[in-house]
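Number of protein chains: 2
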Amino acid sequence: MSMPEKVLERPGYDVTLKYIYDRMNNLFPDVEIAYKTNKGVFHYKYSDFTYRVQNIANALNSLGISQLDKVATLDWNTHWHYELYFSVPLMGSVLHPVNIRLSPNELLYVFNTAEDKMLVTHADFLQLAEVIASKIKSIKSVIVLDTDSVPQKVGGVPAYHYEDLIKEHKGKYEFPILSEDRPAFMGFTSGTTGMPKGVYHSHKAMVLHAMSSALHFASFGQTRISSSDVIMHVVPMYHVYSWGLPFTTSLLGQKQVYPGRFNTKVYLDLIKAEKVTYFAGVPTILYMLLTDPDSDKYDLNNLLFINGGSAIPEGLAYLASKRGIKVVVGYGLTETAPVLTLALPPARYYGKMNDNELFKIQLRTGYPIPLVDLRVVDTNMNEVPKDGKTIGEIVVRSPWVSPEYYKDPEKTEKAWANGWFHTGDLAVWYEDGSILIMDRDKDVIKSGGEWISSLRLEDAISQHPGVSLVAVIAAKHEKWVERPVALIVPKKGWEDKINTEEINNFLIQNFVNKGIMSKWWLPEKVIVVNEIPLSSTGKANKRILREQFGEVLIKNQ
Amino acid sequence: MSMPEKVLERPGYDVTLKYIYDRMNNLFPDVEIAYKTNKGVFHYKYSDFTYRVQNIANALNSLGISQLDKVATLDWNTHWHYELYFSVPLMGSVLHPVNIRLSPNELLYVFNTAEDKMLVTHADFLQLAEVIASKIKSIKSVIVLDTDSVPQKVGGVPAYHYEDLIKEHKGKYEFPILSEDRPAFMGFTSGTTGMPKGVYHSHKAMVLHAMSSALHFASFGQTRISSSDVIMHVVPMYHVYSWGLPFTTSLLGQKQVYPGRFNTKVYLDLIKAEKVTYFAGVPTILYMLLTDPDSDKYDLNNLLFINGGSAIPEGLAYLASKRGIKVVVGYGLTETAPVLTLALPPARYYGKMNDNELFKIQLRTGYPIPLVDLRVVDTNMNEVPKDGKTIGEIVVRSPWVSPEYYKDPEKTEKAWANGWFHTGDLAVWYEDGSILIMDRDKDVIKSGGEWISSLRLEDAISQHPGVSLVAVIAAKHEKWVERPVALIVPKKGWEDKINTEEINNFLIQNFVNKGIMSKWWLPEKVIVVNEIPLSSTGKANKRILREQFGEVLIKNQ
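If you're matching them up, the sequences are chains E and D in order. When we follow our numbering, the leftmost residue of the first sequence carries the number 1492, and every step to the right adds one. When we follow our numbering, the leftmost residue of the second sequence carries the number 1492, and every step to the right adds one.
Just so you know, the hints here were simulated from the structure itself, not pulled from any lab data. Check the hints yourself; a few may be wrong.
Since copy identity is lost for identical chains, a pair holds within one copy or between any two.
With a cut-off of at most 27 Å between alpha-carbon atoms, the simulated DSSO-like pairs for lysine-lysine come out as follows [as the list claims (entries may be wrong)]:
no.	residue 1	residue 2
1	Lys1843	Lys1766
2	Lys2010	Lys1967
3	Lys1497	Lys1902
4	Lys1497	Lys1905
5	Lys1813	Lys1851
Using the sequences and the accompanying hints, generate a full structural model.
Here's what the structure looks like:
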């Protein structure tokens, strides 16, 4: 008898979401959850929540949901959605929150790929649910939320009222002992560069992601969250599991607010009434809350905003800081569940650095959180120097990286090549381990063997007084393979003045001549457009732009 | 192709100590480590540390240490010990820090059971190492620390100088990709109730334990630790891996102090010179630092002390608070790596409870940290009511519980019965999930089917003005199975006055008549003794006391 090669965990000792669930029950029974429905704002406690999670598990069980079955949702940020975040994975089944912003074609693709057995839909999406339930044969039942009247059938399959089910299935549910490797959640990438790609994450991935995000936030910087903070869940629960925040906050025992469908006034009222101390979201959300005509009537001082999804414009960050809002940047991908980095300047820097130096660090993409092994590498997988200048691709390893693209071995092989997950994001690396993203995904321009950052170029062009919106894409080029092309929506009165010469003169004067930008980066062509199409996540949809303008340099030659 | 039953982690994505090591290297290269040797106090940086970890791995490799081999240590809290905490597990081997306070017989038992291949010893233990190396045939080489002269052989096997090895083996070491289930550490229980029992912990266990302790501390209460704190490692590194603190602090990137052999003056000087903000230890250590004749010359204001190993006496807690030291209680066992609970009143209680209520919570055994499923159960494994009164046994599940007692299937079966690890500790459970230990292990007295808390009884008896030291044990009893017997060391002048009648009258008047204590708890017999033997961890050695006095009631009948 000698030391075994593997320490075998006993059943029930594995890292599953049940640990978070039991912790809520044992340590935080009295902590409050506020939620908004069509009927108003209500409150219940963690102990009520955990009981209802058992009730709905009883109901799902009676409707035939068993281990590894997938349950899809079409829902806002509701307490019902939150209840399903626990009940479905704790049963051993898989929750699949569906992005309601996808196009009809993409939605059908997603449901067909996932083969969901049940659809839970908010009443607001009943029409959409009709179509899906009638077309997707795997769906055997539909549950409807937030309504008084549920039809007997939706899209030809039996339909049920969530609250009726709860009433009919009171009582305890003995959640099974699961392996930590059991899939818990399924999601799809937002598909800016093709059809959405399916990913899935185990219990272990979800729990460790929540622990690591919480730990980094609570210990690393000077801005910290703790068990006494109050969160409003603003990140859509159909976007990468609301960035894992429902689990992070449950683990910490924080008071939570589920605000339902986005509405500026409702959200501002909830922040005030429920004494919210922080929320996360994309820059657009913050922009809307700050520019609402009534916004100034609300005291937003000391609120913390965790920015993700895309880089926060400096002007917006400044607007927020004037209101006393602290902004912290996060970065991640659907494949990575999502958090990889958070841009909190380390607490030890305070007192040693001046405000300007700290501010610059704050605008970086951030520091990897615990259990994220992140490297910035060249095309040969060698680490680039940590000099803040040399651009490389971000590759990662972490226990919460999806193991593959579901049913897509070809794309899987490419993205997970050489033992690392390739984010497709280009960044520079600093000596203290922080990174700054220079470009995202296929936005990248590789021209004559050199990287050009379309993000930086957009940033520079947007400073021209006549530019309202700008997107820079890589256009195909016979000699240089790719060259940058700028698509610009001009401000009123500038329509006739914006052209390639005007923009490039501006860039030369303000950036090239100052040594900030290589002359090589100047757009090959500027095209005035009426609008820039957006993807489902509010970013410029470069796929569409490339389809439209990607060959403009070739055609013109 | 459908959803797999298990999400298969890719190689390198598993939770191993390498994540902490790489994090130190990438995020905290400039953070300082101070260490004391026989030659003085020195400093180096995390980047120096990680490089030396590779150097010594090269050396161990060249000395024949390979995967799953065990490396034993006899060492104080030195930076060398810390280097081995990483290099040995990262190589895929197992570190086995040996408790230098064990008796010679116990030491031989421990080495024989572990079958260590190498022994690393501080020069202070060279004589002991001679004996061990000569008797334990598995040991093939010895490395000696903190000396200028290393003999060619120790106990007949080749001996090496640690610093010479480092010099001779400069250069990188490619640590292998390991499974998270790979054993990383081996330890032995302190053996107060029999021979020490071997336990072992995987990479995953060590990392999750560090993350969870740090997260709970950083987020749960009002007293928080962060990346800018400075730790002095006081908990012996041969006691349950120094309670995991070397990993917790490395993960957080805190400045660390390795103070070497315990010496009150040296430790106080280091606290001052290195600006230490917290340390952990048993109450005795705190007592010695506070009662040193020079102690008052040191400013200890705002220091945090994490108390473990045994309950902190109220008088000592008061003494500490007068010096401005905050005390937080922790609880755990060798089997559990060790932390299970921390007694931080939840931050949300502040402002809602008064100081007295908060103080009472602070003196409890604490709240389970994340990923610890802790229950207080009766003998039928039913949870006892959370009423703060009903006593039950603490049972736990957690990813960092050892899977077994090494080479001891019989004791394993008993301790891990019914799917839970049985701590043998008796506690009450409160509505907010906190617990308070009433008795430990075999100290418990079960008399006529009822539990009697020897801890509480000792506490009551110690308040008699003539009592210097007291230990209560369970003595065998024909009718009631067990009855309490009190062993008392009287204060000077009280030798002739302490007896069963005197003590029981005192207890009746002050406790029984006031309803604080059942009359059933009164000691069956009081015995005056000259001294109370202590175990290797400074607790009353009840095993010896039971051997000596356990049958005193039977013999007397």
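Status of the hints after comparison with the structure:
| no. | hint | in the structure |
| --- | --- | --- |
| 1 | Lys1843 - Lys1766 | between (34 Å within a copy, 16 Å between copies) |
| 2 | Lys2010 - Lys1967 | within (19 Å within a copy, 92 Å between copies) |
| 3 | Lys1497 - Lys1902 | between (32 Å within a copy, 21 Å between copies) |
| 4 | Lys1497 - Lys1905 | between (31 Å within a copy, 22 Å between copies) |
| 5 | Lys1813 - Lys1851 | within (17 Å within a copy, 43 Å between copies) |
Hint compliance for this structure: no hint is broken.
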